[in-house]
Amino acid sequence: MGITINFRKSPMVIFLANLYLLSYYLFLVCYAANTIGKGESIRDGQTLISRDQNFELGFFSPSHSTKRYVGIWYYKITEKSTVVWVANRDNPVLDKSGVLTLTNDGDLMVLNGAGKSVWSTNTTIASRNGALILLDSGNLVLEKNEAEFDPSKALWQSFDFPTDTFLPGMKIGVSKTGLKKQIYTSWKSKNDPSTGNFSSGIDSWRSPQIVIWEGSKRLWRSGIWNQQIFTGVPSMRAQYLYGFRLIPSDEGDIYFTYSLPDASVYMRFQIQSDGTMEELRWSNDKKEWTVYWSQSIAGCDLFSKCGAYGSCTMLDSVNCNCLDGFVPKSDGDWKKGNWSSGCQRKNDLQCEKNGGQVGGDGFLELDEVKLPDLAQIKSQFNNKDDCENECLNNCSCKAYASVSGIGCLTWDQDLSDIQKFQAGGSQLYIRLNKSDIVDGKSNKRKLAILISVILGVVCLSIFAYLLWRNKNKPKDPCKRKRKETGSSDQLSKSKEMLRDFSGEDVGEGEENGPELPLFSFNTIETATNNFSVSNKLGHGGFGDVYKGTMPCGAIVAVKRLSRKSGQGLEEFKTEIILIAKLQHRNLVRILGCCIEEEEKMLVYEYMPNKSLDAFIFDPTKQVLLDWGKRFNIIEGIARGLLYLHRDSRLRIIHRDLKASNILLDDEMNPKISDFGMAKIFGGNQNQANTTRVVGTYGYMSPEYAMEGLFSIKSDVYSFGVLLLEIVSGKKNSYFRHTDKHPNLLVLAWNLWNEGKVMEFADPSISNSYTLSEVSRCMHVGILCVQDSAIDRPDMAAVVRMLESETALRPAPRPPTFTIGRRPSEMDLSMEEHEIVSTNDVTVTVILGR
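Letter 108 of the sequence shown, counting from 1, is numbered 108 in our numbering, and no numbers are missing.
Please note: incorrect hints may appear among the correct ones.
[As the list claims (entries may be wrong)] With a cut-off of at most 20 angstroms between alpha-carbon atoms, the simulated EDC-like pairs for lysine to aspartate or glutamate come out as follows:
1) LYS286 x ASP274
2) LYS730 x GLU707
3) LYS171 x GLU278
4) LYS144 x ASP105
5) LYS730 x ASP794
Rather than coming from a laboratory, the hints here were simulated on the basis of the structure. Quick caveat: nothing in here was measured; it's all calculated off a predicted structure.
Turn these sequences into a full structure, and let the hints steer you where they fit.
Laid out in structure tokens, this is it:
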């Protein structure tokens, strides 16, 4: 007997149909997770999604293709064509019957419709709890135990088998033997993910650099990593390079990795199908990938375009030139624009003529170049002189370089792939027969003489014109003719008081005027509109500073000594002695003084942009100081201090260097001011002791604040604090109330030591600075604030390190003066210090002069 069921009306059928649909939906949801276990699969149309929905794994087809590949792409980005990894790139599934399965023995496989493997990881997992996990980094990981997940112990991971894309967290490395390399290979075309013609990876374990190949042919190289940048890419800005680190593995291999401070930013490096390397970042506003940096393989970037001993530059209409001491191997080819044959020496090396005996050779310096390929690192030689001797004593050595962050480099093969940069680059010393060096210098000397003669004629002509134009004008348009009643008596009294203050005779200068001009009180009072509040620029422990307009129209700044100031009298005397005798473009210039009865005033040149602290500590004005201006300010302050410490007639210790005592002129050039606390040292004197500690906490060196010992290294410490403030845009006391970073100095050390320079830099200059300069400034700043004065450089060394990228910079010691001390302990130590008087500490309002 048959059973008939009415499918249209049976409730059982409706229930079963709904149950089937629900089960299918739950099945799909299940495979929208980020994990599958042993014996499980996902079919074409199903996907894995990482936990925070950053990446998705599944089958895809490129544009204009029906072939199916297993790949990983960004989940949240609407442009689904951004595939960052492909499994079966060279063996596609021809239809939508493909399956990705984790077998019972732990092998991850891609199967076609016939059940045949087209790709496999060739792994086995003994544990029954093995799992495949898609991480939010985009890494696909095979783990032997999902419950004890540890990416560092993964049995297999896609990050170890990249295709064309380098993601944050990935590695690009090479084994110590050089036999094992992690290579990124381009797609064959934009719509074909199969293995292309171009690849990128680390070239050598001994001299790590990134190289792009076409097959086995080198097309481009980055230059050696110097712990900050790739030396062959000086134009790469900080935001491009921030995050790169070179890390040695336990097995002796090395690899580069890249990290982003903001995980919400989508970025990737990709080698394109035409060999171009690009850094791309996703713009949420534009909804598209933005190219932040691109490295082509054309022009001077093409590997060894000019051949051996040729130098390529984009500054000349002719790209290639032979190095000094070399001539083209083939004049005919060079005239046709074919430079690949390179150059040869004019004269053989003397040591080669002498059968290897050293002597008769020298080195010619090349500046701002991309160093040649195939360098050998001689880490045992720590300075330039040792490096030069090593090369000179080896007849096979063709050139050497001493590079900060790398050390000594030598070349024993023909020099190739040299590029002349407009800015940046390194110094290279090429070995030549001494006769070639003399000829090269002679030609340069002739050119220099010719240029000097031309400039001399031009300058003399301009000087003669200015003399003719100004012959009837007074030398000083603001020269005051004292014709007021009693002015002669007052002038005489002022001179006597000035002698009493300075302890020196005020001599007569040109036109019988005093060396330091004396202004009457009435003149100053009129200039400042009776010391109007509207003309007040600021004040400190000495008194107030006013803006004034002299009768001739000159604008000045008037420092009026407060009658209630116990320290101002000494300050006034010191500034009269010092500033009148100092002449430097980075020191504020004194124009005169006023001494009448109880009034004592100094008249300075007016600085329209006031003081540095009004800019770097003001969130609304920080953006006005881009990195170029800040670096110029840092260099100017350093040169001004060097003048005080070494080059002036008097050896002077400032003792109160801080942001509010750096004035800025109309072109943002820095001027050191406020010499009231300065001390004069004798020619052979290096250190002194005082029981009256003056200055500003946060800028005072440990030995000065705690023991009263001061020296030129005290100013170096203050400069270091100021330098770090300029770079970061934060006061030294910014982190006073945190245990992790009790002050800015500890923060700077921690971030510099961790390679996180970009986190320290002021965000308002992120689009204008270079990582190498900021890192160099941080390094110098940390050296300047070393706890021990012996470990700090002098200002001559500071200027040299700031102005030269290749100057050797010693490794700083970690700070100990503040590490491990809570802010409350620091405050207590300050309060209990017996020799420190709060009356002697300058507190300055953020209103510059």
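* Holds or violated: LYS144 to ASP105, with C-alpha atoms at most 20 angstroms apart -> holds (11 angstroms)
Exercise. Is it true that the CA of LYS730 sits at most 20 angstroms from the CA of GLU707?
Worked result: The given pair, whose Cα atoms are some 28 angstroms apart, is violated under the 20 angstroms limit.
So if I understand the rule, the pair passes when the alpha-carbon distance is 20 angstroms or less; does LYS730 with ASP794 pass? The given pair, whose Cα atoms are some 25 angstroms apart, is violated under the 20 angstroms limit.
So if I understand the rule, the pair passes when the alpha-carbon distance is 20 angstroms or less; does LYS286 with ASP274 pass? Given pair LYS286, ASP274 is violated - Cα atoms ~25 angstroms apart, limit 20 angstroms.
Problem set entry | Straight-line alpha-carbon gap LYS171 to GLU278, limit 20 angstroms | Distance ~17 angstroms between LYS171 and GLU278 Cα, so the pair holds.
Going down the numbered hints, you'll see the structure goes against 1, 2, 5, while the others check out.
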